[in-house]
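Since the structure of chain A is provided, determine the placement of chain B on it from the hints.
Chains as they are written, first to last, in the working numbering: chain A, 1 to 789; chain B, 790 to 944.
Bear in mind the hints are in silico, worked out from the structure with no lab data behind them.
Values in this document were obtained by computation on a predicted structure and should not be read as measured data.
A portion of the hints provided could be inaccurate.
Calculated cross-link-like contacts (lysine-lysine; reagent style DSSO-like; alpha-carbon spacing at most 30 angstroms) [claimed, not checked]:
| no. | chain 1 | residue 1 | chain 2 | residue 2 |
| --- | --- | --- | --- | --- |
| 1 | A | K310 | A | K389 |
| 2 | A | K12 | B | K934 |
| 3 | B | K917 | A | K447 |
To spell it out: a stretch of chain B is covered by chain A in this simulated footprint if at least three of its residues, at any positions, have a beta carbon under 8 angstroms from a beta carbon of chain A; those stretches are [as the list claims (entries may be wrong)]:
| no. | segment |
| --- | --- |
| 4 | 796-807 |
| 5 | 842-855 |
| 6 | 861-875 |
| 7 | 926-940 |
Quick reminder that beta carbons are idealized off the backbone N, C-alpha and C, glycines included.
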Amino acid sequence: MPKDHGIGASPKRREDVRFLTGNGKYTDDINAPNQTYVYFVRSDVAHGTINKIDTSDAEKMPGVVRIFTGADFEGVGGVPCGWQVTDRFGEPMQEPAHPVLAQGKVRHVGDPIVAVVAETLEQARDAAEVLEVDITELPAVIDMKEALKEGAPKVHDDLTSNLCYDWGFVEENREAVDEAIKNAAHVTTLELRNNRLVANPMEPRVAIGEYDASNDEYTLYTTSQNPHVIRLLMGAFVLGIPEHKLRVVSPDVGGGFGTKIFHYAEEAFCTFAAKAINRPVKWTSSRSEAFMSDAHGRDHVTKIELALDKDNNFLAVRTDTYANMGAYLSTFAPSVPTWLHGTLMAGNYTTPLIYVNVKAVFTNTVPVDAYRGAGRPEASFQLERVIDKAARELGVDPIALRRQNFIKPDQFPYATPVAVEYDTGNYDATMDKIEEIADLAGFEARKAESAKNGKLRGLGIAHYIEACGIAPSNLVGQLGARAGLYESATVRVNATGSISVMTGSHSHGQGHETAFPQVIAEMIGIDESQIDIVHGDTAKIPMGMGTYGSRSLAVGGSAMVKAAEKVIAKAKKIAAHLLEAGEDDIELANGEFTVAGTDKSVAWGDVTLAAYVPHNYPLEDLEPGLEETAFYDPANFTYPSGAYACEVEVDPETGKVEVCSFAAADDFGNIINPMIVDGQVHGGIAQGIGQALLENCVYDSDGQLLSGSYMDYTMPRADDLPNYTVDHSCQTPCTHNPLGVKGCGEAGAIGSPPAVINAVVDALSDYGITHIDMPATPARVWEAIQAAK
Amino acid sequence: MPSVTMTVNGRAVTGEVEGRTLLSQFLRDDLKLTGTHIGCDTSQCGACTVHVNGAAVKGCTMLALEADGAEVKTIEGMANPDGSLGVIQAAFQEHHGLQCGFCTPGMVMAAADLLAGNANPTEAEIRKHLEGNICRCTGYHNIVKSVQAAAAQLG
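The shape of chain A in the complex, shown without the other chains (with noise of 0.2 angstroms):
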């Protein structure tokens, strides 16, 4: 029977009622007293010199309170960098400045230029219409191998090129792999472009800043995943603010799915006007400017070859791609293709030799970085595409193939030849449940109706590994990341047994003030009724990392596991007191401290009281007060894996794919909160069929943005998907974090899109099909199937 409480069950989520009801507190809700609203002026042009900025006029406009230019940025820092990548030379990436506002040039649509301060936002639009800014347009770069032809526009004037870096992985194997993929039986190589997508969480970014001259003190609302990491980048980094002077909200979020890790401008910019004005200063994003300023996602161009050998076991992986970081590095942008996709290049899989290459570059584009799995998507596109191409090219079938080169349940420990150890895993398993939920085995009975209706129907599978729980600091500190990935928690005891948790880890929709409490409430008998929990203010939590890399739970929850034990170590000393008898014999459950092999017992809520009025306490020996806080930073990643199996039915006539069924099956270790899991499988999923089928970033040649809105950028609707089956009871729990938790947020998103594809591709076979690029639209599987014939 499920259960009803603690860890496994499926509570309904707290936080639901105050999103139903309208009572969510979402940045843009907040209105400080006196508030000014800032709109910024933004390049329409992909690049260009500004000759002059002319905002007289625009002052004399009613309401304008202060116009500001990169002139008033000058001395003041950049938006930083959080990632240095070292290029397989041995030389750091080229960085570039990233002013707050440009200065002198600007590199991307949507560029802010000038920021127009007044007292109401329709005010500040107005004289923004009236604002004269002379730029001179210079041909833009797009196309990353024309960026680094010979000749081709610089991006920046003060870099040698548009190359960011170039790296190779591992660069020791690069001739073996050269030799094995020569001398291989056989190769199939795959050329392929991982879209461009813009993550499009539902609340677009706002920013009001705050200063407090009485006390110099700043306090920034934000729709971030990661306050803190907005208070050390921007305190230290940008504006100089030391952290005891500068606090950072971010209350309730709607969304982010990576684009609100990062740092930006406008962050930077409200902060550092609320004190040139001495009044706050607003900033709401609009969907169209969210476009243009979010940063981006994937964005790769790659060749990859597989090499077999005469018995179809994998000898090699080679890859050569071209990563897109825009106009500017964002936050995390040189990691996104390196670390967080080079090391997954193993996949589920034996392969002995592996080498990765990535040359990162700078175009006249919006940044891109993290988007929902970040470069674990883009790895697994790849590889699962390449392998159900050789399957094809073999006459074999595309599972077994799978299967014959699985890392085998006793390797584990496996150490890949691209730098990561797995702790755990059983893909064997996860393939079996996929056959059975997804009913592989009446495939071909619906293939013959579907033909029957004039439709092709098509089966893709997919089984993918993702590296999540980011990340071990002493590891990434070695990769060239700029900060620590631990996280923090602190347990609070209230006198009467309630808890309030500070956790670092921050929840945008992933539910944390549900299934967090379900933790505690498992490792001291209460009710989760009496424990809550507090995220998003620098001003109450310790100093935590936050939400991204499916890691709250598998970090922030063990930083939060160890804070309660600590606390519970201390309380069975002061129940050991009160029971007058050993430590060592106190055992705490339900809520009760009992003496081993006694009737004597005291209850949680009586040894909190005694914390807190401590009357008859070992006062000498032990200090009053229930309050503990633990940092937990893990010892490895976490390695989530999963089966997944697409069905379309192809339109021959019209191209359009109807996506038909999607079934997954994951392997997340533990499970605290099954309903939560499955929501985060059935979000990511939608997202990968999105990028498979309907969602697309695209730039003219002049570098403008084309999908600049909802009219162009196809989200997924209610309309355009399937329900999903989704199962995670093939459980291989985590071997070195606490809860043996793996995370979920991520799997769907780095699944699906080569299962769709590849059932897309199945469903063309017959005509010689052997590759559609994403998204794949009804002109483009059209267009293929015209070209075939």
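Using the frame of chain A, we list chain B on its own:
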């Protein structure tokens, strides 16, 4: 500035607005009913869906002045009189039909509009009716289940 009067969640309200002020802005900025969210600027996302004279309307497709004299209902008016969740709201909670909560008010208002006109919709009808409301979190699976459950209960 011209004045506008309407009934919002059963309460008569009057405000002064610019001609260009949208109904969604009036609800949020003037009436402080911040449950109505703004997720786009092209009337595509549906986060600002409210009821005007009983029909679902994207609040960004109407000027506040156009709603003069109208009966408007927002998410703040959807709970039971005692403050407990209404049937549709409760179904969304029961079936995990929301994650970040940003699209949720619009989604609930659109679902209520559907069920007012079709007590027993098919899954396809639910998906079709909700195609004007974008959710980025749930993949719609649990939203559809929530609406089906609400229909069964209201039916």
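- chain A covers the segment 926-940 of chain B, three or more CB atoms within 8 angstroms, holds or violated: Answer holds; 8 residues pass the 8 angstroms Cβ test.
- Going straight from one Cα to the other, do A/K310 and A/K389 come out at no more than 30 angstroms? holds (16 angstroms)
- Counting residues of the segment 861-875 of chain B that have a beta-carbon nearer than 8 angstroms to any beta-carbon of chain A, does the count reach 3? Result for this restraint: holds, n = 6.
- Task: Would you check the hint for A/K12 and B/K934, treating anything up to 30 angstroms between C-alpha atoms as holding?
- Result: Within the cut-off at roughly 15 angstroms; holds.
- Message: Taking beta carbons only, do three or more residues of the segment 796-807 of chain B come closer than 8 angstroms to chain A?
- Response: The restraint on the segment 796-807 of chain B is violated, since only 1 of its residues have a Cβ under 8 angstroms from chain A and three are required.
- Task: Examine the segment 842-855 of chain B: at least three residues should have C-beta closer than 8 angstroms to a C-beta of chain A.
- Result: violated (count 0)
- Are the Cα atoms of B/K917 and A/K447 separated by 30 angstroms or less? holds (26 angstroms)
Hints 4 and 5 from the list above are not met by this structure, while the remaining hints are.
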